[in-house]
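Chemist: These protein sequences, in sequence, are chains A, B and C. Heads up: the first sequence at position 70 corresponds to 68 in this note's numbering, and the numbers run straight through without jumps. Just remember that this note's numbering sits 18 ahead of the position in the second sequence, which is counted from 1. Just remember that this note's numbering sits 319 ahead of the position in the third sequence, which is counted from 1.
Don't read these hints as lab results, they were simulated from the structure. Quick caveat: nothing in here was measured; it's all calculated off a predicted structure. Treat the hints loosely; a few may be bogus.
[As the list claims (entries may be wrong)] Pulled from the structure, derived: some chain B residues nowhere near chain A, Cβ distances all over 10 angstroms:
(1) V42
(2) A185
(3) P200
[Said to hold, decoys possible] Residues on chain A that point at chain B, a partial pick, calculated with CB under 7 angstroms:
(4) F102
(5) S111
(6) A112
(7) P115
(8) Q258
(9) M262
(10) I269
(11) A271
For glycine and all other residues, C-beta sits at the position ideal for the given N, C-alpha and C.
Chain by chain, the residues:
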Amino acid sequence: MSATVILLQVLRIAVPYLFAAAGGVLSERAGIIALTLEGYLIAGGFGAAVATHYTQSPWVGLVAAVALGTVVALLHAMATIRYRADQVVTAVALNLLMAGGGAFFLRLMFDSSANSPRIPAIGDGLGSGVMGTLGQPLLWLAFLALPGVWWLLDRTAFGLRARACGEHPQAATSLGVSVPRIRLTAVLLSGAITALGGAYLAFDQHKFTDGMTAGRGFIALAAVIFGRWEAPRALVACLLFAAAETLQIRLQGSTLLPSQFVEMIPYALTIVALAGFVGRSAAPAALGRVEA
Amino acid sequence: MSDRATRWDEALLPPAIALAIAMVVGDVLILAFGQAPGHVFGMLLEGTWGNAYGFGQTLYKATTLICTGLAVAIPLRAGLFNIGAESQLAAGGFAAGVAGILLPAWLPWPIGALVCVLAAAVGGGAIGAVPGALKARFGASEVIVTIMLNFIVLAFLNWIVAAKLHAPDSLHTVEIASGAVPRFADVSSAFRGSAANLTLALALSLAAACWWYLFRTRGGYELRAVGLQPGAAENGGVVLGRTWFRALVLGGALAGVGGVNYVLGYKHYYEEGFGAGTGYMGIAVALVGRNHPAGIILASLLFATLSQGGLAVNAIVPKQMMEILQAVVILAVAVSVPEVQRLLRASTKAAA
Amino acid sequence: MTATAAIQLTGIAKAFGPVHAIRSASLTIAQGEIHALMGENGAGKSTLMRVLAGMFTPDAGTAAVEGRDVTGWDTKAAIAAGVGMVHQHFMLVPTLTVAENVMLGREMTSGWSLDRAGAEAAVRALCERTGLVVDPARLVADLSVGEAQRVEILKVLFRGARILILDEPTAVLSPPEVQELWRVLRTLRANGGTVVLITHKLDEVIDISDTITVMRAGETVGRMSTAGTTPADIARAMVGREVALAKRVRSGVVTPTRASPRLEVRDLCVGSNTRTHAVDRVSFAVQAGEIFGIAGVEGNGQTELIEALAGLRRCESGSVQLDGQELSGCTVSERIDRGLAHIPEDRQERGLVLDYSLADNLILGRQHRYASTFALDRVRVASNATTQIAAFDIRPPDGTLPAGALSGGNQQKIVIARELGGAEWPAVILAAQPTRGVDVGAIEFIHARLRAARDAGAAVVLVSADLGEVIALSTRVAVMYGGRIVTIVDGDAATAATLGSWMTGAARAEGS
């Protein structure tokens, strides 16, 4: 039974990573660095909590999460694609904007800068235990996100164009493919998908909390890189990192291994991967480049 | 002549536009809280430049920002993005704190402070060396490595303080025995209570030294050439990997020295999480300051004013408003720099 | 059949910032002909054709295709109208397959999914029809240069192009591959297609084209029918005055001033980014007072050889000696100090820091000679600039200007001044494409400087895609093919015909 409990915990922890990594793969393969995943997660969590609070319908909350994530992605796309701003700088600013904005509007709306009121969540009636986890539709959606992105990139005309934009945008342009439009679509989808992960976090805690995402967007980016920008490998990486986090939670208070060291695992693995087997060649060739 | 004028336009216009946009966004946010923008901005100015305490706090915050801004700017001049100033700052502060604890209490403060500052530089530089070495040896993206390293280093420092070095019932180390840097309040009573200290002089001299290094020495000549045109630099006998390594170590050391401001100048101990985003803000400072030491000093004052001003108005408007405004400034500058360049060049072209 | 021209360009002008790439160009091309657009580097040929292909909007003038006004259209409209361009630098996505590259932007789908099998079948059918053979399922990254170019042409034909523009297509091809390409183009013409060929090679034009338009300094200066035109006529139109075609200027008898060679290369092997042996066991020696020319089709290891000699690329094995001292293991900087000068083939990437001032560029590679521990000696940097600018007639003569603001010829003069203008002559000069993209006046100047260096006792290694230049300057000429030196002939005996057969690899069997 304990093994099942631990396994379910791994699956639950993996949900935001899976959504964010799916958004990350999509954005990066089209050539836009996915340092904004953290901001999209915050947008999703905040949108879900606020809309659910006012309508008492978590499904409306879910739609609002996706909408807000898309809006933030639109800001990123406008700055980096239309105005050719540096992708890293813009991402740093957007993450700061979402972190500050979340707390600011919490206080404006609920007069508390720490958290929102309690909200109902999707899957509330399922109770705890195995059904509470496996009956959660967002969990299933999360596990479909990366395969979905894989299908989109590898099997559709849009995906072919997106990959061309990430590798050799001039080639795409010379064939009449609009690189800005393809990248815009990829970034918007990335924001929408990642925001689902933020919504899940809010529903899981039944509220939005300042600092709730706690760097999960960066862990998801680590999973993307560790997975060599390929969706199936990124899925494995997400599960690996979720397992590490479960281990960390289980180890808390034990003297066996300080939890901080387990916390480092995803980050350390990514650095090792970048120095070792991933290298420069695996990244999309035009990633982060400003196009004329 | 006209060339010079154009460059001034290019440097000053984006921040001016950014500030104007930030003011408008600020107005809207303040109105959303049912407050009068004029009143709030007045409070902000009064709380930062209007009295000695507020001014001291602003200078104190600017001090760290100058260091982290330089820490981003120097590698950026070599074409590298250092997002690791946050952990380099923490590592520098930690090293300074540990050095201060280990030094005997009878040591005169200038000697103690010197040792601690060097320790801070070494601590920060060591963290910068990791992405530097990985970039030079394997071509690993310094953006990703520095971000990941932030989490690793901060987790490690948390553990070492929590498990080994903390003072009883606290999350900070014991007080340093020697190396404390005098506060301005020691000299002038007007600064009483503010944290501004002599580290500001150190930061300003570092900015001057960085300017000299970048624009007057062979090392700076080579470093900038690598950032502008790596192929030509290589053909000119510059070893790229070595220059990347040097730039990131230098950046790390500069951020590390920023830790001195808090640890030696203010609290006299290392505390978990004292950086609180100052490292990331260094990116904004370098961007708005256009990677130029003089610009970085000005940009540091701007962001320090926003940050201290947030505290001054927190009673009526949440201080997070300032985070929003900082983000707006960064975004607006990032967007307007290429745009202003394009427009100005187009207009000079038309005039020619 | 019809009097309407396939292409009619009238009074086209296009400027990029202060540079007027095209001043006034007019061009008429009839349906079903192979038309050569000739001109020197920088004459505006590529820019004019990019206007036609919808990549640039002209500042003035009109463009018409098959009688329809298409001025200012975009790539998409051009493709739809059957105008396709094959670029000099390949526009292929290396991580995609041949079929994926061909259908990109015009994907074949079944429902939501890509129809890969259908695309591969379509490409295969197109291959058979045109004679452009390449496996549609292969990754583009694995293709040879010749194959990659076939994919480029397939891409254009897949979109139903009736007007095909080729920008310097033969620069990367060996002579047999060129003949293969001509066969394909003639087939296209036979099927009613129109071909525009951008080139600066006279023999090619005589070989393949029906009519010729010549461009010079951004203007179209002449239109002629190929039959009844001599190479000398075309050359005169291109340069604007009488020219001696690849005439060899004999100097006095070259007498080696010392017994041992200044540069000696033995069994050198060098890897490239894609191949293990880009340079394969190359050996040669260059005496003082000698220009050692290296001819060959681009991509046969010349770039890698020069980069390895300059210290920019790692040698896998072999030895390189300068005045009897081993160079392998030396850094770029140490090589410069031992008297190695390098005029790199890509001056904008490797030769200059375009944002640096003229003065700063004139010390690049020698910066340590101007530095004390704490500062660069700015007075000496400036006075060096003044001297060099005067000696090499660099214009405008202002050391504080950024190098990027100068014309191509003057930029190259900065590189030449830095490499050859020191107090002492260099021992060895590596000159890679020293006159590429440079105007005629500067070409003569650069040639004179290389001869002067030779006469002063330097050993010069000259690599050039311009066979005429190699023949005109070299004491001896080596030919590189497949990473090897396949022959070395005396400069006086070198002709385009003899070198050509070695460059193709055809003469290889008898040679080894």
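Chemist: Starting from the hint list further up, note which numbers the structure goes against and sort them upward.
Modeler: 6, 7 and 11
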